[in-house]
Amino acid sequence: MDEKPPSQQNLRHTELKPRRGLRREEAALYIGVSPSKFDDLVKDRRMPRPKLIDGCKTWDIWKLDIAYDELPEDDGKGNDIDFAV
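In short: position in the sequence shown from 1, add 5, done, that's the numbering used here.
If you're looking for bench data, these hints aren't it; they were derived computationally from the structure.
Bear in mind the structure is a predicted one, so any value in this text is a computation, not a measurement.
Some hints here could point you the wrong way.
Stated by the list, open to error - As a list, the in silico DSSO-like pairs of lysine-lysine whose alpha-carbon atoms are at most 27 Å apart:
no., residue 1, residue 2
1, 48, 68
2, 62, 42
3, 56, 42
4, 62, 82
5, 68, 56
6, 82, 42
7, 82, 56
Unchecked claim - Computed spacing ranges between beta-carbons, pair by pair:
no., residue 1, residue 2, range
8, 83, 26, 34 to 42 Å
9, 30, 51, 17 to 25 Å
10, 23, 83, 29 to 37 Å
Using N, Cα and C, we set each Cβ at its ideal position, and we do this for glycine too.
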C-alpha cells in the first residue's frame, strides 16, 4: 500500500492524537463533571486556570491530570442519599 503524506490523506480516516489544550466543555468532560461544576473547581483553584490563546481559553491536559490526582479520594462512607436509594 502506498502511504501518502498526512497532508494528502483523507482526514476522515486519520486518527488524531489527543490535543493538549481542551476547551471548557471538553475539560469538564475529561474530568467527569458538568461545565458549571468545572467552573466552580477552577474558581476555588482545585482545577487550574486556563491558558489564553488569542481570546480562546484552553486548559492544559497535563495540568488537569495533576490537579485531578490531587483531589481527595472517597472515604467509602458514602452519603445519606446513597443509602436512601
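Verification of the hints:
About 15 Å separates the Cα atoms of residue 48 and residue 68, which keeps this hinted pair within 27 Å; it holds. Using a Cα cut-off of 27 Å, the hinted pair residue 62 and residue 42 holds, with the two alpha carbons roughly 17 Å apart. Simply put, residue 56 and residue 42 have alpha-carbon atoms about 19 Å apart, close enough for the 27 Å limit, and the pair holds. Straight-line distance between C-alpha atoms of residue 62 and residue 82 comes to about 37 Å, which puts the hinted pair past the 27 Å bound.
Proposed proximity of residue 68 and residue 56 is supported: the alpha carbons are some 11 Å apart, at most 27 Å. As the CA atoms of residue 82 and residue 42 are separated by approximately 22 Å, the hinted pair is consistent with the 27 Å bound. Simply put, residue 82 and residue 56 have alpha-carbon atoms about 37 Å apart, too far for the 27 Å limit, and the pair is violated. Separation of residue 83 from residue 26 is about 36 Å and conforms to the stated range, judged on CB atoms against 34 to 42 Å.
Taken as a hint, the range 17 to 25 Å holds for the pair residue 30 and residue 51, whose Cβ atoms sit roughly 18 Å apart. Here the CB-CB span from residue 23 to residue 83 is close to 33 Å, well matched to the stated 29 to 37 Å.
Of the hints listed earlier, those the structure fails to meet are numbers 4, 7, in rising order.
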